[in-house]
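Just so you know, the sequences run in chain order A and B. Residue 143 in the working numbering is what sits at position 143 of the first sequence, and the numbering runs on without skipping anything. To convert a position in the second sequence, counted from 1, into the working numbering, add 307.
Each hint should be verified, as a subset may be incorrect.
So, partial list: chain B residues that the calculated Cβ filter (under 7 Å) puts toward chain A [said to hold, decoys possible]:
1) S334
2) L355
3) L364
4) V426
5) V457
6) A464
7) A475
8) W535
9) F538
10) V590
Which stretches of chain B does chain A cover? Using the computed rule of at least three CB atoms under 8 Å from a CB of chain A, they are [stated by the list, open to error]:
11) 388–401
12) 483–496
By construction, these hints were calculated from the structure, which means they are not laboratory data. Yeah, the Cβ is synthetic: ideal placement off N, Cα and C, and Gly gets one too.
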Amino acid sequence: MSTVTTEERSDASRGTRPEASSDVARLRKGRTSARKARVAGGKAVLVVLLLGFTLFPAFWMLSSAFDAQAGAGGQQLLPREWSLSNFEYVLTEGGFDVFLRNSAIVAVVTVLASALLALLASVAVARFRFKFRTAMLLMILIVQMVPLEALVIPLFVQVRDLQLLNTLLGLMVVYVALSLPFGIWMLRGFVAAVPVELEEAAYIDGASWGRMFRSVLLPLVMPGLVATSVFSFITAWNEFIFAMTLLGGASENYTVAIGLKQFFGEHSNEWGYIMAASTIITIPVMIFFVIVQRRLSSGLVAGAVKG
Amino acid sequence: MSNTLQVPTAAPGASAPRAAGGAARKSLLTRSRPWLLLAPALAVLAVLLLWPLVRVLLFSLQDYGLREIVSGEPNWIGLANYGEIFTSPELYTVVLPNTVGFAVLAVAGTVALGTAVAVLMASLGGFWRTVVGSAIMIAWAMPAVTGTYVWIWIFDADRGIVNETLQALGLQDEPVNWFTNRYTFYGIVLLNVIHHGFPFVAITILAGLLGVPKEMLEAAEMDGAGPWRRFWRIIVPNLKQVFAVVIILSTIWDFKVFAQVYLMPGGAGSNREALNLGVWSYVESFGQNRYGFGSAIAVLLTLVLLGITVVYVRTMLKEEEL
Numbered sequence: 001m002s003t004v005t006t007e008e009r010s011d012a013s014r015g016t017r018p019e020a021s022s023d024v025a026r027l028r029k030g031r032t033s034a035r036k037a038r039v040a041g042g043k044a045v046l047v048v049l050l051l052g053f054t055l056f057p058a059f060w061m062l063s064s065a066f067d068a069q070a071g072a073g074g075q076q077l078l079p080r081e082w083s084l085s086n087f088e089y090v091l092t093e094g095g096f097d098v099f100l101r102n103s104a105i106v107a108v109v110t111v112l113a114s115a116l117l118a119l120l121a122s123v124a125v126a127r128f129r130f131k132f133r134t135a136m137l138l139m140i141l142i143v144q145m146v147p148l149e150a151l152v153i154p155l156f157v158q159v160r161d162l163q164l165l166n167t168l169l170g171l172m173v174v175y176v177a178l179s180l181p182f183g184i185w186m187l188r189g190f191v192a193a194v195p196v197e198l199e200e201a202a203y204i205d206g207a208s209w210g211r212m213f214r215s216v217l218l219p220l221v222m223p224g225l226v227a228t229s230v231f232s233f234i235t236a237w238n239e240f241i242f243a244m245t246l247l248g249g250a251s252e253n254y255t256v257a258i259g260l261k262q263f264f265g266e267h268s269n270e271w272g273y274i275m276a277a278s279t280i281i282t283i284p285v286m287i288f289f290v291i292v293q294r295r296l297s298s299g300l301v302a303g304a305v306k307g
Numbered sequence: 308m309s310n311t312l313q314v315p316t317a318a319p320g321a322s323a324p325r326a327a328g329g330a331a332r333k334s335l336l337t338r339s340r341p342w343l344l345l346a347p348a349l350a351v352l353a354v355l356l357l358w359p360l361v362r363v364l365l366f367s368l369q370d371y372g373l374r375e376i377v378s379g380e381p382n383w384i385g386l387a388n389y390g391e392i393f394t395s396p397e398l399y400t401v402v403l404p405n406t407v408g409f410a411v412l413a414v415a416g417t418v419a420l421g422t423a424v425a426v427l428m429a430s431l432g433g434f435w436r437t438v439v440g441s442a443i444m445i446a447w448a449m450p451a452v453t454g455t456y457v458w459i460w461i462f463d464a465d466r467g468i469v470n471e472t473l474q475a476l477g478l479q480d481e482p483v484n485w486f487t488n489r490y491t492f493y494g495i496v497l498l499n500v501i502h503h504g505f506p507f508v509a510i511t512i513l514a515g516l517l518g519v520p521k522e523m524l525e526a527a528e529m530d531g532a533g534p535w536r537r538f539w540r541i542i543v544p545n546l547k548q549v550f551a552v553v554i555i556l557s558t559i560w561d562f563k564v565f566a567q568v569y570l571m572p573g574g575a576g577s578n579r580e581a582l583n584l585g586v587w588s589y590v591e592s593f594g595q596n597r598y599g600f601g602s603a604i605a606v607l608l609t610l611v612l613l614g615i616t617v618v619y620v621r622t623m624l625k626e627e628e629l
């Protein structure tokens, strides 16, 4: 280090900047090769730490779910007694077979209804120019930010007035509304990415608007529709506050997100069961998440290379 | 028929709305088509999102309890609910610190960790980038409810791994109940929220990082700028928009954490020290049947989020036109 400073000082006094910088560069090159190894080592440590932090909860969930003695205390990193008994209990006596069915019904109906409504609305905002269009888009954007805690009180009263408390129908109606703004917002981009020339070609061939929609627009927007649907599926599957409020009294209608409460006892919690049930809930979400991630990027790329 | 189409956008939101020049020539069906397409969605949104928003505002001006729900008779009390909120000592000592303080820490933590991970991922080779990307995807995909239960299990007072490890290492003599103390309680919530929230930040910023021109970074390196300086002087200014969007979205999400607090032991109102705005509103409404008072709290939370949203929309509009 001292040589660098003296050299630099002497160079500076002579005023020969180019030489100085080449010296510094040579010196730095010598240092970088030595430093490279240290940087690589540091990076490896960081990656290991990051993977540990990121994966530990999921790993711990799985490890406890497969351990017949989970919650008995003294648990090690890997199950001491591998077994599927936690899953067995959860899916039979635990009632998760019913909760899974309820959640699947709610999610599928929500997905179908909101996909249809969102597709029609997104075609309107992406393909047509009309009064209040911008205002409409802003409203859709803002409405997404409203906290569920603010909606849950009036919607509880509303669903109660309609005699739909403790029914899956009441929950589905609410979920359709909750997933619509995001669906419209996302599909709008996918619809806009479809080249207009294709639509015009369909008109030239004598197609009506409806025919064009079915045969040209719909197939091209399909990847976007799938991605959006997966998102509304995940919303409906994970949602907690409305399920808890609207289904409070009817445990036979519980969805998976609130079904977990069953395993919390007064004095002790059945952690093996809770983790097994959590695993069952998490797996479909993870699968769908991977799908949507790919679809989304492919949809965006498809939009970028428009005809 | 081609005149049914008015100049459409070439790319998502690329052009501003045009003045409808040939509107007079178009048939009624053509003109009303966008509205026909929008009608079902708008009807649902109006009945299930907009009307409830109006109603929560109306409830907040009433003494709305079980009796009012059953009879449907309004009992207007003006701004008394808001008066009660703002004179409640709980608001200043517990709820606001738990909401605002938590949001500040959570946003700072999420964005800092997410950015660090993005920088790390950008410097990795293809294989390890995929590994890290998949791992953080798993953390992201974990539902909030199950993720919260896993963290509760990890910190469980009786048999959680944290207590057992600390005892095995001799760092504490007997199990600690991490959920009764307000600060450790929110420490766990913070860990949970950051763990669940940083992947979005990392992926978004990584996409931005890969778009920063390589030449700029190389030129800066030639000029002798170290990694720290390159980050603050080149990457941050280049990704200003991305950072703005990420920070604002995280703020909105972290202000309204609900399940992560409510599901924790004592989080559902039995531990008053752990209340935040959202949980307070819910507990007052559905625990005490004081729907009017709860609505007033919810209105305040909504106003805060609306303020942040306006900033968000402005940022978005700068980036692209609707």
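Violations among the numbered hints: 1, 3, 4, 6, 7, 8, 9, 10, 11, 12
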